[in-house]
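J.: In case you want the letters, here they are:
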Amino acid sequence: MNEMELLNWVRGPGLNIAVAVFLLGTIWRLFEIYSLGRKQDLSAPRNAAGASGWHTVVRRSMPPPGMLKRSPVSYIGGYAFHIGLAIVVFLFAPHIVLIENLIGLSWPALPSQVVDLAAVVTMAAMVLVLVDRINKPVKRFLSTFEDYFTWAVTFLPVLTGYLAVQHLLLPYTTMLALHILSVEILLVVLPFTKLFHVFTLFASRWYNGNANAHKGVPV
Amino acid sequence: MNRRPTIAEQLARQGISRRAFLKFCAATASLMALPPGMAPAIAEALGKIRRPSVIWLSFQECTGCTESLTRSHSPTVESLIFDMISLDYHHTLQAASGEAAEHAREEAMKEPGYLVLVDGSIPIKDGGIYSTIAGISNLQMLKDTVENAAAVVSIGTCAAFGGIPMANPNPTGAAGVQALMDQGLIARKPVINVPGCPPIPAVITGVLAHYLTFGAIPPLDALGRPLNFYGDSIHDRCYRRPFYDQGKFAKTFDDEGARKGWCLFELGCKGPTTHNACATTKWNDGTSFPIESGHGCIGCSEPNFWDAGSFYKALSAPADPLSFAAGAAVAGAAVGVGMSFMNRAKKSSAKAAHETATLKDLEK
Chain Z
0 MNEMELLNWV
10 RGPGLNIAVA
20 VFLLGTIWRL
30 FEIYSLGRKQ
40 DLSAPRNAAG
50 ASGWHTVVRR
60 SMPPPGMLKR
70 SPVSYIGGYA
80 FHIGLAIVVF
90 LFAPHIVLIE
100 NLIGLSWPAL
110 PSQVVDLAAV
120 VTMAAMVLVL
130 VDRINKPVKR
140 FLSTFEDYFT
150 WAVTFLPVLT
160 GYLAVQHLLL
170 PYTTMLALHI
180 LSVEILLVVL
190 PFTKLFHVFT
200 LFASRWYNGN
210 ANAHKGVPV
Chain U
0 MNRRPTIAEQ
10 LARQGISRRA
20 FLKFCAATAS
30 LMALPPGMAP
40 AIAEALGKIR
50 RPSVIWLSFQ
60 ECTGCTESLT
70 RSHSPTVESL
80 IFDMISLDYH
90 HTLQAASGEA
100 AEHAREEAMK
110 EPGYLVLVDG
120 SIPIKDGGIY
130 STIAGISNLQ
140 MLKDTVENAA
150 AVVSIGTCAA
160 FGGIPMANPN
170 PTGAAGVQAL
180 MDQGLIARKP
190 VINVPGCPPI
200 PAVITGVLAH
210 YLTFGAIPPL
220 DALGRPLNFY
230 GDSIHDRCYR
240 RPFYDQGKFA
250 KTFDDEGARK
260 GWCLFELGCK
270 GPTTHNACAT
280 TKWNDGTSFP
290 IESGHGCIGC
300 SEPNFWDAGS
310 FYKALSAPAD
320 PLSFAAGAAV
330 AGAAVGVGMS
340 FMNRAKKSSA
350 KAAHETATLK
360 DLEK
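Read top to bottom, the protein sequences are chains Z and U. Numbers 0 to 218, taken from numbering that gives the first Met the number 0, label the letters of the first sequence in order. Numbers 0 to 363, taken from numbering that gives the first Met the number 0, label the letters of the second sequence in order.
For the record, the hints were derived by calculation from the structure and aren't laboratory data. Treat the hints with care, as some may be off.
[Unchecked claim] Anything over 12 Å on all C-beta distances counts as not near chain U; from chain Z, calculated:
1) I95
2) A202
3) A210
4) G215
[Stated by the list, open to error] Derived contacts from chain U toward chain Z, CB cut-off under 7 Å, selection only:
5) G183
6) A186
7) G246
8) E265
9) G267
10) E301
11) A313
12) A330
13) V334
14) S339
15) A344
Where is the CB? At the ideal position from N, CA and C, for every residue including glycine.
So here's chain Z without its partners, still in its complex pose (with noise of 0.2 Å):
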């Protein structure tokens, strides 16, 4: 198999078997978290100032006072990396026509410079807090393979999306087969693994500051 005939994969049967196998982990896992519910809660609701699931959607998004101090590489490095991946995601041009095939919807894009830098930020800052999770004890002994295996497959299309555009290592054709694979691969993965945040993040704050609100505790 050629470069071309890689390209040519990807492109479409992978995709295919990547965007199959990504609706029906999302949809599946959906179905199923949503409709477990919980036990009523009898008990009177107390309420508290400033206590709602919204409030902990935004609250959450804090740090606590003092933590930032504590441990300034999981907050700034985390929103560097969530950020730059946003506008990487969804602010390049070619990626902004993937989606616009894909559902039909487009918007203006930044200009590949700008999205450039914003590639170098988000490797940087994922560099940086993987190291972290090797380096501080309790992180590394929280940490999984799960752990390292979503990193990865975070990493690997920034990386290879940024050596592709700037023609490093490999032929480009060769680095866009490889970046659109491991994509592919992260759209495979995502529904299974702790990915899936993507998903159930703020459901899942505002059903904890829900639960909180209706105790009187404003989290």
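We have chain Z; now place chain U onto it with these hints.
T.: Just chain U now, with coordinates in the frame of chain Z:
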């Protein structure tokens, strides 16, 4: 056979001045990305050598490559190329036909070390019966001719990579020259791939001039293409590249963006994955190239370009419709609903099996 005249002798006989010849060599040097100081060396090398015999074999092709060659940059270059080499066999360009034509090929093959130029792919399915010349299958003719050749130049994407005849479903089992060597169907000789549909005229003549000057194969990329012509992608050399970087794209062929000459990426331009000299050498005496005339690159100098999805679909868009998506979504919903019923059943059976703990149980 008479001693072949050297190119210098041949040119003198035709009244072409030394000055005109040097000018041609200087143009060739710049075309091959060589320093200007190389022009005299080229002149000396070209002047000394005997006109090498060239056998041009046309197989499953459309004659577009020959048409391209005959529109070489300027008539003088074209005539020089025809005078520099002894083109002993070429369907379209030779005067002879039938028996006489085949005889010319056989005569040329008696003196080993000739150059074989191939355009068109070779069908190998069913014993290669899908294309024959003078009753000889293309595969057999190529096999016989390549046997004593110094090198093979595959002119055009069909000869280099199989091209359009090899496109899905490839009914004739078409293959390029390199693929046949890899399969051991013909003798292994040095191969220069000069793909394109057709290749740029100046690139064909430039590759030949390089071979004649240095007597060796030029540096090639992984696909056997001369790096001096195929080293850069169209996208990297495109004059519309700044618009790509700014995110300015033509959305249709006649919108404001198209009129302003913005990037054609969204209209399916394959420039990023295509390696050729179109954006620099250009076509028709350096007039323009497809992107300059408002149409995206179709990637014709790359393998499998015909099967790489629509020419009008952006490179980052899916090549085929996502046919599994709807089924997968329905299956996912079904599995999810099934799982939720299972979970509920588990919950209610746990509830049913629940026994209230009493003080007595704890004292047990």
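J.: None of the hints should be skipped; say for each whether it holds.
T.: Right, here's what the structure says about each hint:
no.	hint	in the structure
1	I95	violated, 9 Å
2	A202	holds, 15 Å
3	A210	holds, 18 Å
4	G215	holds, 28 Å
5	G183	violated, 19 Å
6	A186	violated, 23 Å
7	G246	holds, 4 Å
8	E265	holds, 5 Å
9	G267	violated, 10 Å
10	E301	holds, 5 Å
11	A313	holds, 4 Å
12	A330	holds, 5 Å
13	V334	holds, 4 Å
14	S339	holds, 3 Å
15	A344	violated, 12 Å
Hints 1, 5, 6, 9 and 15 from the earlier list are contradicted by this structure; the remaining hints agree with it.
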